[in-house]
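We have chain C; now place chains B, W and S onto it with these hints.
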Amino acid sequence: MTVNLVLLQLFTGLALGSVFVLLGVGLSLIFGLLTVVNFAHGAFYMVGAYVGVFALAHLGNFWLAMAAVPIIVGGMGLVVERFLVRPLYGRGIDYPLLLTFGLGLVLVELVRIIYGLEGVPFDVPEVLQGAVDLGIGWFPLYRLFLIVVTAVLVFALWLFLEKTSYGLVIRAGASDPEIMRVLGVDISTVWLVVFGIGTGIAGLAGVLSAPMTSVIPDMGTTVLVQAFVVTVVGGMGSLLGAVVAGLLVGVVVSMTALFYPELSDLAMFMLMAAVLLVRPQGLFGRKGLMG
Amino acid sequence: MSDTAEPRPKAYWSRIVDAIARHRALAVLVVLLIFPFVLPYEALASNIVIFGLFALGFNLVFGYTGVLSFGHAAFFGVGAYGTGIAIVHLGLPWWVAMLIGVLAAGVTAMIMGALAIRTRGIYFAMVTLALAQCVYYIVYQMKGWSGGENGLNGVIVGQIDLGFASIDLLDPMQKYFFTLTFVALAIFIFSRILASGFGAVLEAVRENEDRARACGYDVRLTKWLAFVISGLFCGLAGALNAIHLSVVPIEILHYHMSGQVVMMALLGGMGTFFGPFAGAIVFLLLEDVVTTMTTHWQLILGLVFMACVLFFPRGVWGSVLQWVRR
Amino acid sequence: MTKERHFKKGVQTRRQILKTGLAGSAAVLAAPWIGRPAFAQGESIKIGFPVPLTGPYGSEAQEQARCAQIAIDKFNEAGGLDGRMAELLVRDDKLKSGEAATRTLELIEKDGVDFVCGSLSASVQLAVNTVCAERGKIYNSISQSDAINEAENFSKYTFHEAMNPHMTAGAVGDYVFKNSGKRVAFLIADYAYGHEMARGFKVAGEKYGIEVVAEVKHPLASKDFSTFLPQIQAARPDVLCLCNFGFDQLNSLKQARSFGMKEQMMMVAPALLYNQRRAGGASVYSGVVGATNYYWKLEDEIATAKAFNDVYRAGNDGAPPSDYGAYGYAGVGVLLNAVTAAGSTDTDGVIEQLEAMKYDLYKGEEHYRTCDHQAVQSVFIIESKDEADMENEYDVFRILEKDGASEDMLRSCESLGL
Amino acid sequence: MSHDTPILAVRGATMRFGGFTALSNVTADFPVGELTAIIGPNGAGKSTLFNILSGAFPPTEGEVLFNGTNVAGKRQHHFARMGISKSFQITNVFPELSVQENVRVAVQAMTRRFDLWTPRSRYREMIDRAVELLRVVGLENHRGRLASELAHGEQRSLEIAMAMACEPKVLLLDEPTAGMSPEETVGVIDVILTLAKSCTIILVEHKMKLVMDISDQILVLHHGEFLAKGAPHEIRANDEVKRVYLGEGRK
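Protein chains in written order, with this note's numbering: chain C, 1 to 291; chain B, 1 to 326; chain W, 1 to 418; chain S, 1 to 251.
For the record, the hints were derived by calculation from the structure and aren't laboratory data. Honestly, I wouldn't trust all of these hints.
As the list claims (entries may be wrong) - Below are the DSSO-like pairs computed for lysine-lysine, each with C-alpha atoms no more than 27 Å apart in a straight line:
id : chain 1 : residue 1 : chain 2 : residue 2
1  : W       : 178       : W       : 358
2  : W       : 156       : B       : 143
3  : B       : 143       : W       : 202
4  : W       : 156       : W       : 137
5  : S       : 229       : S       : 242
6  : W       : 385       : W       : 358
7  : W       : 223       : B       : 143
8  : W       : 297       : W       : 358
9  : S       : 169       : S       : 74
Excised from the complex, chain C in its bound form (with noise of 0.2 Å):
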């Protein structure tokens, strides 16, 4: 085992890491903001994917189809947050939580339906195909792109959030809801607006892994766990924290697979579980959330 291959399995870690980052970030905004555990948010990924395969066969340019994913399937987040997910705030954590998970089935199944069971070849683009030589080692261009794509990403969250009037409004509302009444800012639909973010980052994260797996209709169900380990090991609803246990996880599962690969996935718990029983409101997760 040489320096150069455990950097670039360091480096393979922070590129899968950004993968997680990208999985987790629609997650922890809405549960942060709503307190809905989206129990949906693979099977959004997942429509995520099939929506590209369906863009690209119309559109025919990749770059169009990733960039009408996101706004096709935040789209479908906004229908699902105002006619379904509404009447249920006030009724506690549980009942979203079914909700959304008996909507994750009817979608798989939908996209079943639509699509069959067997999934449908969606390839890299030509120009982000091949690998590049990073002197440690050769690394796929494809995934570099996407550490760019999510930097990107998450940067403009950062910027929406914490640089424009609306993103403070937001973060007024996610601390207090009340307070939100008394200014007279209609508190619902922030959290549309929320709600369909996440899910449109869910979709965009789902046509941007489309490349590197298969596009089956069962694709969003690791996924989901994932996203969750990602949101609780960060804290949930903290956009930092998402990042640096996204990254983290990354590592963790890298390292892992390194030294001992039959654990890769076990990886994943292991750092949650420490990580919960040491500071068990995650790594920057704000105290007394959900009691």
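Showing chains B, W and S alone in chain C's frame:
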């Protein structure tokens, strides 16, 4: 319980429900006794009572203590593996094997509970999920004992000789009543625990932790004990499942199983005595019937869940109670 | 999209399968879960068929069911067993052992099936086998596994129509190690089937003196292989053996290609599936060498293959059957052949016939080895074609070599503990 | 233990939350059998001291002495079992349990915490005790109702009954009359005075007139620090207390 004298059409039902509530363990038994005769096949009836017990045990933590656990597959699974390994690898008699399974589940619950009990709310759910996944991987990696991905096959009991009678577990009806005997015993014990002083403490903790603490109750210890007792019941369900199926599949430990039991409890009505059983019946029956009709059973199941949440938030049994008592 | 055609067939429910298959035979139009069907002429011969209709391998499973129905139809058209018709009872095992065990109990206890055939996973077939063996029902497994041959799981009621990983990996290994480099890396799905394939390769490689330069185990059903691949790449192997199945195989191939590994080493996959290749696309798979039990092009040389393909094509818009689909045809077909030969559905009589028979259903002659009831059959070494070399959308493989049916490919009965 | 040892005392109690010091070096005795009121303007540290005395959290520094023994750092339920019982500032009962069961559960905490087998309906003596306590607070006619159905004042009374259930040596009451109508207040004061005959009472209260009328001792806090302690007439005459209250009042 309303004491208005005015005669109402629902008063009749109300009295029945009250009678059921008073003799709840007995009421469940009556239903379960006729069960295998009305269901499509006996194995489904056995499945339902086993999962009903699993959901019942889970509900002690979820419904009666107010703590959402996402790790109960660990107890169900360890109970099953404990029993299976004792029979397949150690060649022990079935009842010793079941005892081992139940105790193993109890020990697992003691450890998981001790680690997880200091977190609260959704974090408790996540810690239990993570710890249960650890159990899954540990069992998965113990290939020599557990069979790994292949599962543990050949958990065969066959004939049971009781001295005065013998039970043939290959006969589906006899197997159902064998299973039911244990489930009935468990329901009786469960009912006793709920009615006991400790049951009152659980209610108090669920209602108001701070107040319970101020009264002098050790809330953590109470929750932990409830968690362990719950683990024992779920372990028994797992042990019965191993004997029922003759195999212990690895997916029994997967978090999907934990999710499934949460769904059953919610679907039936959490915090009600009959809820978990009602949930298990509805869930498994629905799945069984719909699966045979269409490969798109998940669509139906998903829609039913959504409808339940939106229109029957108290669950099946909870809604019945509400309707009758209104 | 070519998949859609498959898919339309894919949504057939069990009832539809039954109906189309037995159109005209009023006996089985009643939905079996409501009650026992009315009997036209004596009780029908029932074959339970638990396969994962839903879940990631649903399309393979549905094809298994379609092909099994062809075997049923063939038997019935020939007059059945003195007028007794056969009937296929398909159940969804959801690719879960526990579900499969329950479904098998249902088939045996409620539906009273005579035989059980099916499954599409190593672990599921072992569970079905346990339930069947305990109740003395003949079970013919149609998915790969070494464990099912071993004394621990074998019973006299257990038959294994599918190939086993020892055979397939052995045959591919023999072909590859003879012709290519000796530096070999393994990517192994961490479950019995994965380890069995790796063992098969190593046994085959001993003779050629291969050097194992990397051996990486990945958890079953991994999505992301990027963390496993750099170690393999760094070891600079000549050959990479992918000891995994289905979507694990597709994902690892896809991602290995993105690391530029396809240009650096030869990729070998013992279980190279037709459907998987079509779902993954030519560019991902081109040049990958593997083994199969069946590829439709065999019809050029084998008459039974041609006959099977023709029936299948007629009912499926001209699409040829897949490898796993063919297993469904053979698994059920051989049971019915044995029933015909025995002249009854009596379990012991059928077992006797199965043990004695030589049969050619779709791929040349086969027989069951007496000690472990493993079907001794030809293994075909294939290579995935480039897009440019394909004559049509179904023309995805090139047959490189045919290893004729021989018991030498199997592990010895003694080593199995039998 | 001499007769003069206070039943409860704090020595140099300090409480910091992050950078904020809520209570600074407070030392005070609470003699056996007396009714002591803790008063002070908003932010004086009353609730913090109350929580330290009742064991909700330990002080950052300093000691809590119960019969002369330091008990700081013990968990809440230990305080309750030693005989330090409390009611809450905001109403705090078991809303979905019956009124009688609320009190009975509180009685049970002293004896049978982990009885998994005996049906609670067989705890005759506990039920009798619960009924008796409800009679003391005037709720004996509401035994069968859910606690959540009671009026606010009735819930406060119920809480006092629950606090008494542990047969406390010290009863801590946090604003027992908050949000009550004048009539309800009179009723609660009667209850408190009855209780004061049998145990030591410490109460946090901001209704000055009430405090002056019923207290034996008054402890005044200001900005987290000890300001004064004495009998009501002494406090009334204390210039510093006047300054603090009047000064606050002018703002």
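Tell me, in ascending order, the numbers of any earlier hints that this structure violates.
Of the numbered hints given earlier, those the structure breaks are 1, 6, listed in rising order.
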